[in-house]
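*Asks:* Here is what each chain is made of, one letter per residue.
4 protein chains.
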Amino acid sequence: MPPAHPFDFDAWNPDLGDDKLHEECGVFGVNGVSDAANFVALGLHALQHRGQEAGGIVSYDPESGFNSARRFGYVRDNFTKQSLMETLPGALAIGHVRYSTAGSKGATQIRDVQPFFGEFSMGGAAIAHNGNITNADALRRELIERGSIFQSSSDSECIIHLMARSLQRKVPERMMDALRRVEGAFSIVAMTRTKLIGVRDPLGVRPLVIGKIGDEGWVLSSETCALDIIGAEYLRDVEPGEMVVIEDGELTSLHPFMPAAPRFCIFEHVYFSRPDSIIGGRSVYETRRQIGVELAREAPVDADLVCPVPDSGTPAAIGYAHESGIPYGMGIIRNQYMGRTFIEPTEQIRNMGVRLKLNVNRALIEGKRVILVDDSVVRGTTSRKIKEMILDAGAAEVHFRIASPPTSWPCFYGVDTPQREKLLAATMSEDEMREHLAIDSLKFISLDGLYRAVGEAQGRDVKCPQYCDACFSGDYPVAPSDMIEKGFELKAAE
Amino acid sequence: MPPAHPFDFDAWNPDLGDDKLHEECGVFGVNGVSDAANFVALGLHALQHRGQEAGGIVSYDPESGFNSARRFGYVRDNFTKQSLMETLPGALAIGHVRYSTAGSKGATQIRDVQPFFGEFSMGGAAIAHNGNITNADALRRELIERGSIFQSSSDSECIIHLMARSLQRKVPERMMDALRRVEGAFSIVAMTRTKLIGVRDPLGVRPLVIGKIGDEGWVLSSETCALDIIGAEYLRDVEPGEMVVIEDGELTSLHPFMPAAPRFCIFEHVYFSRPDSIIGGRSVYETRRQIGVELAREAPVDADLVCPVPDSGTPAAIGYAHESGIPYGMGIIRNQYMGRTFIEPTEQIRNMGVRLKLNVNRALIEGKRVILVDDSVVRGTTSRKIKEMILDAGAAEVHFRIASPPTSWPCFYGVDTPQREKLLAATMSEDEMREHLAIDSLKFISLDGLYRAVGEAQGRDVKCPQYCDACFSGDYPVAPSDMIEKGFELKAAE
Amino acid sequence: MPPAHPFDFDAWNPDLGDDKLHEECGVFGVNGVSDAANFVALGLHALQHRGQEAGGIVSYDPESGFNSARRFGYVRDNFTKQSLMETLPGALAIGHVRYSTAGSKGATQIRDVQPFFGEFSMGGAAIAHNGNITNADALRRELIERGSIFQSSSDSECIIHLMARSLQRKVPERMMDALRRVEGAFSIVAMTRTKLIGVRDPLGVRPLVIGKIGDEGWVLSSETCALDIIGAEYLRDVEPGEMVVIEDGELTSLHPFMPAAPRFCIFEHVYFSRPDSIIGGRSVYETRRQIGVELAREAPVDADLVCPVPDSGTPAAIGYAHESGIPYGMGIIRNQYMGRTFIEPTEQIRNMGVRLKLNVNRALIEGKRVILVDDSVVRGTTSRKIKEMILDAGAAEVHFRIASPPTSWPCFYGVDTPQREKLLAATMSEDEMREHLAIDSLKFISLDGLYRAVGEAQGRDVKCPQYCDACFSGDYPVAPSDMIEKGFELKAAE
Amino acid sequence: MPPAHPFDFDAWNPDLGDDKLHEECGVFGVNGVSDAANFVALGLHALQHRGQEAGGIVSYDPESGFNSARRFGYVRDNFTKQSLMETLPGALAIGHVRYSTAGSKGATQIRDVQPFFGEFSMGGAAIAHNGNITNADALRRELIERGSIFQSSSDSECIIHLMARSLQRKVPERMMDALRRVEGAFSIVAMTRTKLIGVRDPLGVRPLVIGKIGDEGWVLSSETCALDIIGAEYLRDVEPGEMVVIEDGELTSLHPFMPAAPRFCIFEHVYFSRPDSIIGGRSVYETRRQIGVELAREAPVDADLVCPVPDSGTPAAIGYAHESGIPYGMGIIRNQYMGRTFIEPTEQIRNMGVRLKLNVNRALIEGKRVILVDDSVVRGTTSRKIKEMILDAGAAEVHFRIASPPTSWPCFYGVDTPQREKLLAATMSEDEMREHLAIDSLKFISLDGLYRAVGEAQGRDVKCPQYCDACFSGDYPVAPSDMIEKGFELKAAE
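One line per chain: the protein sequences are A, B, C and D, in this order. To convert, note that position 323 of the first sequence is 326 in our numbering; the numbers rise steadily by one, no gaps. To convert, note that position 207 of the second sequence is 210 in our numbering; the numbers rise steadily by one, no gaps. To convert, note that position 263 of the third sequence is 266 in our numbering; the numbers rise steadily by one, no gaps. To convert, note that position 221 of the fourth sequence is 224 in our numbering; the numbers rise steadily by one, no gaps.
Hints are computed from structural coordinates only; laboratory data are not their basis. Some clues are possibly wrong.
Using 30 Å as the maximum straight-line C-alpha spacing, the simulated DSBU-like pairs for lysine-lysine come out as follows [stated by the list, open to error]:
#1 D/K390 to C/K388
#2 C/K215 to D/K388
#3 D/K390 to D/K23
#4 C/K84 to D/K84
#5 A/K425 to A/K494
Some chain B residues close to chain A (C-beta under 7 Å, calculated; not the full set) [stated by the list, open to error]:
#6 S37
#7 N41
#8 F75
#9 T83
#10 K84
#11 M88
#12 T90
#13 E289
#14 I352
Covered stretches of chain B, as calculated for chain C (at least 3 residues, CB under 8 Å) [stated by the list, open to error]:
#15 115-128
#16 199-208
The beta carbon of each residue, even a glycine, is placed where N, CA and C say it ideally should be.
With the rest of the complex left out, here is chain A (with noise of 0.2 Å):
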């Protein structure tokens, strides 16, 4: 049972239709450089695609110790304020920007928003985490059964107080003690008075990325594109089970973890991460493009214009149209000024859904046979709509190409999916689907396509696969031990 919780209801947001898999969190981290938060703000607002809902930041300044400002929002409606930033000064400081689970009523309090801070009794640490826990619940029992008193609904306050109960003295060995203790998937920023400190689990699920800024500055990033806005230099990545600590201008390398094989997230590539960014050495473009390209040989079909839905399916599309010969055009028009969350919206805007978002450029889907590029499907609402406004334009046919592979398993790993049963994938075949969207064709790129333009030329190695694809394939690296005894039910053994 999770534990009841008060709370302070601020607003209410509905889901306009937004139909997509969310990261839940971005993490950033710099030490060595004055007025370390305006980088970390930079950074988090380099890093908002990966949530918008809230961010946090905490520094750690000799004179005034440890300051916080944590606040709903987006990062450049909070962070670029001078009087917010002064209250956050040193070289050394940490953020983290929040997705909101969205549909549950009074879900986030201000509690809830990350960097979380402890007072342990050799000093404070402050860590930001980007993943999920498995076995937060049964964590969270333990320890309060053992007299722990959470503040969040947070997962990832069990390893504050993991850390406040390990024996060792100093943080990053209580840090080991507790992420020892935990399962799932996590890439970690984290600080004390003079450390910064990266960590990802073993088979490092989600990104986090080494950059160097002038000569005594360290950033920690979950993305490269990040590293860009401060004018960082890339590094290298932290590797998956690798912890490092960053102190004095010094970074020091550990690997406290069991040596496991890499399973990156593949959908990190597919859709979360920014285009410019390099994941793992690899383009985030170049391998949306390419994918592109996989789709228009695996999928071909004969068509007057190749269209993106906006943002994401761009370079798909790019790349398919390339590919394919057929002309690339912007069908659909996207408003700059939409936003995700309204206050008390009325109940036409609660209609609207992604026509408040999107428009088809009339003139030139007109009579045309269209091919629209989308990454991905997950409950199907808004590729119908789509077809709907791209039908009632006069496109002659619609055919949609998909830049991932059925969706059809829930991700347990730092990624807000609907159940089960509402992802479209998991009830029906793709002809089923082509059906249910009432579209002239239907195609997802193949699971061995979509890894060939990842680069790994032979397709999925099924013994070992070389990322994490449970969303695709059921196949989870970590047992989901929480859910598990909630009753999911894993894929059975084919």
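Since the structure of chain A is provided, determine the placement of chains B, C and D on it from the hints.
*Replies:* Showing chains B, C and D alone in chain A's frame:
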């Protein structure tokens, strides 16, 4: 001398490297549909690109009379709320979005936000104005001497005072009286208790279109994209010099002005309008794509990649790539979470400029000869920064292709342009600009090429130009009399 | 017919059992002191009892011209902020506090908040008005027909429009022109770029005093208590019918109106003014104490305790106790943290009424025969509730002594009074009221007793009353012409 | 060493000449009445004088579980809103108001606002604490070493952590366990899903009373005035050392502590409590009036006027005037629209101090020999300013009579006192103080006189004082162990 006005100072909006010309307004009106204000709100949301600073809606309901709400900020943050929209009942409503005149401290107060409302002896009327009155200073002086009291610093307020003093009994006649005294550009949407009124100046400089919704409903809008969002059907444009009066489900067309040869603003095609709009019967997207085609013909260059400067350069880049056969790619990535206004920004934010908004897709650019396609060059400040980012990312060559001729004259018809001496093209030749920007090549489309792209196969008719192109040519179709009085020098006759 | 006006609806202010007449405004102005707006803010804070809904300040500074800020809420919550006050530079400033007309939905918008500002052909002027214009409807109709556009629902705006249309060149002359057309009560503080102007109507119904501050500074204020807070010295009252123009450190006195016998509002002494103010040379506190003395003589009763209804009944209770020899005690305690406005209150809050504000000192009251001294009875609703609270607490007897005669006529000179039929004394005799309130005795001071307390040893001069006492006597010194047109019936001649 | 804590800085609250000791909290709880939170809100409004900075309410409802809202600002500005109160359903609720510790930068965050909530292994509980724990630092150190993570800087949080670690199963038993480890003063209102719990420390330093409402409802409150506002009946005080558990309409009384002689805070009678409250069976008003009587006997002086320093000096002034026969009058008038907090105040506002709040009734004071009756002298800063104002207004003589003995020792039991060296009476004799204040005479009531006023006819029992009077006597009934560790020196034995 413009009158001094008291102001309420609210926030300081730095100019964050935004180096574009800006349309100052969008207008929208609905008659004959219950909860008309809701439709106006959606229409204004679709027109938000024409003005982001503030918006207003006036509605009329027989029971509660005229109601009004005016707010700073995006439409979506204000006019989507149940509690606000409930205060705007009725089947007749008009609205306005407004662009901020950047940089002038305390320029805009809520009293400057339209629609304006006046209580006349025969009843009230509200008007929303897109455009600019070029003899507003003279009119204002005269009106003040006769006892009118101005409440705003907006030129548009003259129209209301001229209407109040008209000896005609009915509002449409009063409006004709008033507009005959007005010089400049205007597309107006106005309302009385029963009538929705639309007017365009004799030259038709700014757009205004007519739509139908349902059996009885009529819509007036700056652009067709706002008809699409509410599911209205595009009927036709309000003609230059036409006044349409819509009452009891019927439209009456009047022509109160001396006929003149139309001079629609060609920059609406180049930049202001949304690509999914149709203006004067032409698709904006297709025109922009065709500009790219013309550019590729006029100014070819050997290169590896055609890359748009997001987002406005995209259609022209697609056209250029298609015509030239050089691959199209997203070499610059836009941050989706960027807005225009920062409250009390830190020094660092002020200095970031375009980096807050754009990042280079390093993996794609590196080592390539890149053609950057942008819509225009105004001050040149952004072009310089983009060039630097592209070179920092390792591009081998940088070529700019600009989808408009050099912008060398200010606009006085409703566009916010810098003073002439701030326009790069007003002080430098194309070659000097290339040198100033330190790039490998720079080419603007020719004025004739631009005219061909908007469908004038013979190019520009020098004796009687088909469009207003004063910003490129210095050929002002209406003498800017206030500005001349203040010392502005027209182009010398050639 | 009152004009329909668009409105912005902000908050609903329930009438929480507030059963008093309310002064509608306070005015204040300073000339010849740097940062004059700061002094105005302090003065308005001291005058806050004259109007709590909103306040405004206009200042003039040669460099930045006229500046203005108008805000809803208390002076102390707005005009104490550094960032706001910095926008109001200069050595000349005026201000206004305004009372909300309770109960009329959406009645007040920021545009109704004074000072009003007008740009005339010879320069700008701002005015702040305390009082009420009794022919405002007729003036407004006439002005609208001649092309004036009203921006507020305030009667005071007529003055600005009349000034704008005056053929005089200078602002003081324009103001005289305008005020000669105006009927009713007015104490006005106005300003141009160099002049501070004060005027009182010929009867001098509302107060206005002159103070000196430092060597060069002059002050105009509704009451002397606002001179005290800024350390200014009380010089004299502006005389009825006088206009003072203060410029370059010199005061010029003009008398633009036909002379008339003064009729100062006697209720200012009874309730409106602060007890520490001196009006017409008399201490308000001492007058109120003396009313208590007169009451004790006119209406003695055998009792154990004299108890004021806080806070306005206190001085009269002290006088009553002193004269009668019955002990004085605080039988009713006021909650210090009570305000007037509740945003979106719960049902329970709406029903609490006076209990939110007052509580009975049970230990003191129990078993006692209590004399409650209150300043007035308006609707009688509060008196009933207080009586119930006193009896619930165990009082043996309850006697009301009221420090004013029965209020049986509405005020049309700047006081917010209920319609006549809502005034308890308009429909009941003293005895019926006693019965209605179900108390042991009820006595109002006589009109002559009241005149004696304000120093008229012979009581009221029936032929030529020394004060305006229309609310008690129905004897209106200026015919309320707008109201008569709407059907208000004057008292029949006796 | 107190732990460093991250903070969110919101506003700066200048110390505007407020020269009083302040109670730090008020607590209130209701069980057995539907919409209990509404009653708690009203109770907290009545207790607002005990804490103005922030307030919080927790309620329990079987359907939605525990709900909580904590807000900065007055109860009336937050907990009267429909939308907020709807989030606090249920028939069981507790609440807390909190005083700000003036001057400590960023001292209070929303996380410091009570009630605190803890999720224990057997279910949740919320507690609200009035008082202060004198061994909190030691407890906090021990708890942190054992892995507890503190979320606030509040001493009260120790209680929750001690409860979380108790091996008892039920919340009341856990609370007993916890409180037996705690030293200092506490009056606690707590709740589980079904129980309302009240406890007072063995000495009963802070007040806590029991009330009944309706047939089934029970109330706990810091003072009886908060019972009055909701129409509850005062039953009795919770006894020193008693724990009451109220469940299913029944009250159970427990006595978990070692018995001790009670030491109720005598300053509650002098200043903290509201005059309409009854404490320990005595009327606060009557006690204060009696203090005035005693003062008149102990320290008579020939004068013309007895004048209270508003508002707390009023009852004693009434008593002094009655006993001495010298007339009572309101020589100082309080501005009703004054609050405590200014956001970003101008320099001038910071310097105004007491003049923003008080003004002299010049007409009454002039030429008189004035006795000013005040409740206490803390730093003496306000007394000086008041004296100046009185002399400026022309008083002939100024005599201070203080309704408490010299305050020369800090309180460690839940009152915000300055450091000892800031207390005027800690560094000066009565005569030195008179000279320092430059007044004609200064007299404090004697400690025995004060005891007589609270009903101890024999005065203070030196061997076993009937009250806690440490702030006057330096006789601390509980050793302030944290403070002693930090170097505080107890009074030397005499």
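*Asks:* Now, for every hint given, state plainly whether the structure supports it.
*Replies:* Evaluated hints:
no., hint, in the structure
1, D/K390 to C/K388, "40 Å, violated"
2, C/K215 to D/K388, "23 Å, holds"
3, D/K390 to D/K23, "16 Å, holds"
4, C/K84 to D/K84, "27 Å, holds"
5, A/K425 to A/K494, "17 Å, holds"
6, S37, "11 Å, violated"
7, N41, "5 Å, holds"
8, F75, "14 Å, violated"
9, T83, "5 Å, holds"
10, K84, "5 Å, holds"
11, M88, "5 Å, holds"
12, T90, "12 Å, violated"
13, E289, "6 Å, holds"
14, I352, "5 Å, holds"
15, 115-128, "holds (count 6)"
16, 199-208, "violated (count 0)"
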